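**Q** With the hints as your guide, set chains V, H and E onto chain Y.
4 protein chains.
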Amino acid sequence: MGAAGLVPADGAELCGPTSGGGKERLDAGEIVIGDGGFVIALEKRGYVKAGPWTPEAAVEHPEAVRQLHRESSDEDKLENNGKISVNEAACDIAKEVAKGEDALVAGGVSQTPTYLSGRDEAEVKAIFRQQLDVFVKKNVDFLIAEYFEHIEEAAWAVETLKESGKPVAATMCIGPEGDLHGVPPGECAVQLVKAGASIVGVNCHFDPETCLRTVKLMKEGLEAAKLKAHLMSQPLAFHTPDCGKQGFIDLPEFPFALEPRIVTRWDVQKYAREAYNLGIRYIGGCCGFEPYHIRAIAEELAPERGFLPLASEKHGSWGSDLSMHTKPWVRARARKEYWENLMPASGRPYCPSMSKPDNWGVTKGAAELMQQKEATTEQQLKELFKKQKFKSNIVA
Amino acid sequence: MGAAGLVPADGAELCGPTSGGGKERLDAGEIVIGDGGFVIALEKRGYVKAGPWTPEAAVEHPEAVRQLHRESSDEDKLENNGKISVNEAACDIAKEVAKGEDALVAGGVSQTPTYLSGRDEAEVKAIFRQQLDVFVKKNVDFLIAEYFEHIEEAAWAVETLKESGKPVAATMCIGPEGDLHGVPPGECAVQLVKAGASIVGVNCHFDPETCLRTVKLMKEGLEAAKLKAHLMSQPLAFHTPDCGKQGFIDLPEFPFALEPRIVTRWDVQKYAREAYNLGIRYIGGCCGFEPYHIRAIAEELAPERGFLPLASEKHGSWGSDLSMHTKPWVRARARKEYWENLMPASGRPYCPSMSKPDNWGVTKGAAELMQQKEATTEQQLKELFKKQKFKSNIVA
Amino acid sequence: MGAAGLVPADGAELCGPTSGGGKERLDAGEIVIGDGGFVIALEKRGYVKAGPWTPEAAVEHPEAVRQLHRESSDEDKLENNGKISVNEAACDIAKEVAKGEDALVAGGVSQTPTYLSGRDEAEVKAIFRQQLDVFVKKNVDFLIAEYFEHIEEAAWAVETLKESGKPVAATMCIGPEGDLHGVPPGECAVQLVKAGASIVGVNCHFDPETCLRTVKLMKEGLEAAKLKAHLMSQPLAFHTPDCGKQGFIDLPEFPFALEPRIVTRWDVQKYAREAYNLGIRYIGGCCGFEPYHIRAIAEELAPERGFLPLASEKHGSWGSDLSMHTKPWVRARARKEYWENLMPASGRPYCPSMSKPDNWGVTKGAAELMQQKEATTEQQLKELFKKQKFKSNIVA
Amino acid sequence: MGAAGLVPADGAELCGPTSGGGKERLDAGEIVIGDGGFVIALEKRGYVKAGPWTPEAAVEHPEAVRQLHRESSDEDKLENNGKISVNEAACDIAKEVAKGEDALVAGGVSQTPTYLSGRDEAEVKAIFRQQLDVFVKKNVDFLIAEYFEHIEEAAWAVETLKESGKPVAATMCIGPEGDLHGVPPGECAVQLVKAGASIVGVNCHFDPETCLRTVKLMKEGLEAAKLKAHLMSQPLAFHTPDCGKQGFIDLPEFPFALEPRIVTRWDVQKYAREAYNLGIRYIGGCCGFEPYHIRAIAEELAPERGFLPLASEKHGSWGSDLSMHTKPWVRARARKEYWENLMPASGRPYCPSMSKPDNWGVTKGAAELMQQKEATTEQQLKELFKKQKFKSNIVA
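Chains as they are written, first to last, in the UniProt record's numbering: chain Y, 1 to 396; chain V, 1 to 396; chain H, 1 to 396; chain E, 1 to 396.
In case anyone wonders, no lab produced these hints; they're calculated from the structure.
One should not assume that every hint holds.
Put simply, identical chains are the same to the list, so a pair is met inside one copy or across any two.
Here are the computed lysine to any residue pairs in the SDA-like style, where the Cα-Cα straight-line distance is at most 20 Å [what the hints assert, rightly or not]:
id, residue 1, residue 2
1, Lys226, Glu149
2, Lys194, Asn341
3, Lys245, Arg213
4, Lys356, Pro241
5, Lys245, Glu177
6, Lys44, Arg335
7, Lys44, Tyr292
8, Lys125, Gly196
9, Lys245, Tyr350
10, Lys327, Gln379
11, Lys387, Thr376
12, Lys356, Glu274
13, Lys245, Pro176
14, Lys44, Ser317
15, Lys356, Glu337
16, Lys382, Trp318
17, Lys387, Asn277
18, Lys327, Glu378
In this text the structure is predicted, and so the values were computed from the model without any measurement.
For reference, chain Y alone in the conformation it holds in the complex (with noise of 0.2 Å):
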């Protein structure tokens, strides 16, 4: 499921949706892989609105979130699953998809509007209960905290979800620099275990290798504190070198303009086995997420996990059906030490490398991030507007 959490039904911003990996998997051993990039890849194919996000498609268009779903399945048992839809109908395709498969179906919950408009713990954690009893009438496996900002909110939708009983995992959407009120990701690693979490991690927001230095910081701060937990990560698919604390929501590319930044398959090897080095073992990704890239950690994986995904049927590892193309020099690429190696060229002679963030120095409680319930009218828009000239790298 994930994504009833993942955008929350009084209306949240975008974020990576969660695909669940149990914790008796974890705790025998093996490697989960995840994949988050259901709600922008939908859009790219037209079933979700960027802006509210609300991912409808669950009941509108239930066949494309189907065929989205074994298009990422790395492997016969699809273990990843169940990831978008809202509320009940999200669940009933994640169950028919699982169905006859050795899968699991998670419920997740993500950070409130709620919280960001100053309201205290009984009414925040009120509103993640609703969403739990959903989850326990349709008796998922376990359960997800997703895309937090703050710890302190964090670890209350750990302690709701952990009244279920069931394993909860929980992820935050921060960097190297913390959550928003500056605690270290170590410190905020160590709360969600106390909360009750038994998978911690970071997903969305940052791309691959800050994500797997913030899980470093946090696993230091694990085992600073002598806690156990297992560890996970769902960064972008985003190369994000220029994201301040805030992470890519701020870059002025967001989120119609983030071509020029998808990571290859070959930076998705490279974070996969980077990822398992450090010991992580619920590995996936978030937003810009394609089958691709779930595939290409499946591939990286294969001598630990002892078997190729069904999808690499199609696909040589590192190139190698290329020996079959009819140019000499694209034959020459049919090799490991090429694509390791190749620095990809942007094609963008006119174009920066790097943005400057946009952060107007709000913060929650500012009245420009009240929830509102009216639509943005035309004359807050045209604020807007003004506020933002000189503030990014528009040419004009």
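**A** Frame of chain Y, contents of chains V, H and E only:
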């Protein structure tokens, strides 16, 4: 159909598959939107192999092909259809999707290894005629000769297809420098029309801007020769400012590290507008085009066509849905001026912006280009690897 | 001398000053190394104004001009001299520095505002003749017509200078696309030789690589016409891959933000070698060349010339002095392979790699290009500022 | 003087030479402008060797040193002087240029190979005392300890210099991450002031922006410790966004391919303004600074200082002289808004924007860093070359 021709039975290289659009509709002043990015999209979705690029997906995974058809169709009439197939299976899928819609089905051929290996006109035409027989049997609506690097072979293809009496479109994968024998675009266009084509243009190999420059030269050539034809354009969805006359296959990034070059939807809108202004009425895309790129063409030309594509139900023009985002600086991006003028950063500060294309100076007739029955041997590959050294922007 | 011509009394624009090298020496097979970067070097040292670029330094700060002469002279014979001056003062300095050395002094003329304002042949030749009189009186060794954008005016200049009976060199500031009326480089070279020039080539406006491509076309033009002349090349020390036919003055960075484009000494060595291989024997540099760039030419061609320049006493070839550095990884840079293959980073991740040149579409005869006696008024400037908007990579 | 200390007799590495400015003047509220780019400027002019960087130019080419003094002095009072010398000769030149001007002469010391080789406090202080003796004999006005990577050694230097009773300035070549033992900038500043320095700051190793961030941390450290000192800043004239804690020497481009990183005069004006706003009153530059960069500081701070530098006679502020250019689009550049907002292109589309610094993980005490009496042998170099492979952005 298209793909049957696009990737001929005797095993062709990558090319941009075709989408049909009838001469009669163009005669009547309609705009036709074509999507030819099927093979590369199916590779990423896991159904096609890079290297041989044979789209057996039509037989093996018809549901995946149908799904992609649905996402790419930019309107209720589903004019653009029947694209990927292996001979008859492809025809059948195309016919099925078109059924009940006011749609056309096309059959196509493309350049042959036979020609590159130096065989004569009779032998090459025999190959085309063999393919034509299937299309005639399945009674496709019109025919396409596409993805030709040499005008000589392209003209032979048009002459063969024209034997059927059906309308013929013809595109070459050339840039402003002309075909690989140095024949300029204007002269190529003239020869194609004289051979019988009623629609001429370019597909694949170059980015939108370069393709438009090439079609402009074709148009000028036809005008100078007082000939008439409809114009057609199906560029890559990759920026290729660094490509020489041989196109993107020679770029070191081809085919597995092209991500940084992917065009944005705004690049596509700009392209669609300029193509329209240039007088092109068959406006499509080739490798790299995803459904949201095709949607961008349809959105840009909605005023001229009189309607928005179905896919735009979930896509406000020029980012207008962002007015509902929670961050005020993202709401400020909900307007045309923002996206139109943004210079997107690559997020890759360690990479260059342009590449030197591989080009080993081998041409038609060279031993290395000869078709060989057996797979490339390990020894042959090693010799190629040695040649490659110092040839591309590999860091090592 | 040179500069007197280079920046004529009636107020010319920036141009690359000239350094002489005698026809006789070239005839005898010598290589001549010329440095024409004086004006822009003196601007940075504080002796010349950008805009008018009049090198009154010769009169006001003769010691600065002498010092720069000394640094730039690449050998004890000081062949390259007499560069910047205002009429007679410049001649006198050049003669003084050349005194006691086996050196030559040249006088030069360059394109005139008179021609751009549309005056006829007689009027333009009268300007050149006036300058020639001073050179004849001071008995310079040879004459140069340089920095011409139109072959018509350049040929007039050569014809005038040839009246003196002295050898004449002629360079144009054009690229491979030819002069501003579209006359190709090969045809320009032919006309210059027919007008009386015994040395022809290019100076200023383009980077070393582009200049060599242009001279190659000149050479081919002369060969086709069965004419003979020595070849000469004085490129910018700035990379200009993005320049159109009008050269670097149209780049938005001209003249005060060209730093990121400055060539390295290794770029210059590569240029010198390629120039030599192409048959060019008058190998120099123009705007942007600093003494260490000139030294690099002399070092690269030391084997052919038989000696190293004096300045190399403090400069080991290919970084060999670095073998004495304290850091081991810097010592590891003490070799040719390192510097030859290094792709230097720009350190400017927020900037693009290429620019779109300004080019307002005004040409000879346009009102905006008319010479005006009075300074540009505030009102005129404001109108220009308005035109500029949206024209360059200004961020605001 | 400065340089005698800057490049000590026992053979130091590259560093930015110093220019003096007296404590008394700073106490009185004056702004002091310092130029420390002498060694690298003289290398390009042909008088100094890269590698050993010993400025024997003071002895061998006093006229070249005097000429550079003259170009760099930003005002008639010639406050900034006495920079490059070898011991006494340098003092003599500095005294001569300062003669008749209201100018100060400084003597300086910098970090020693002795310290890096692991010697104790007494040995290191003996080196400094030996240099101090010369400065005392020549009666310089004040003393500078500069270019230190370790606060321990810097404090020893300040303590030694302070024995003379003269005012002492102290700068370290560190960034925001602190000294090479990890001592943060704020703590470094505190220790320098406690050792006796009345002016503290940074020089060399990092670009203007990074240096200002470091000085800001120093300032905050002093405020927290309730200590007082004047602040000083002498950054590189190279952009170094990719430098780690060890500075620009580790960049693969050091020292012979730094051209693309050179700052513009507008970068310098921005730096000068921000430095002033931060409370820095000794505002200068180090390696890479040319006379026109120093002029830019003086022009930016002309309102505060009450006068323009002499060099500005030939340099209109913010490009105003361009109003006299012949091309209208260049005249349109005659204004502050243009240059202030321009993002200059690098003109290097095949190069990256950032580099990974070399850093072999060797620190104080490592065998490879030990001072050796003999030149590096061929064999030693070969071993270094092997280590280098895969370490930098070499293409091969």
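**Q** For which of the previously enumerated hints does the structure constitute a violation, in increasing order of number?
**A** Of the numbered hints given earlier, those the structure breaks are 1, 2, 17, listed in rising order.
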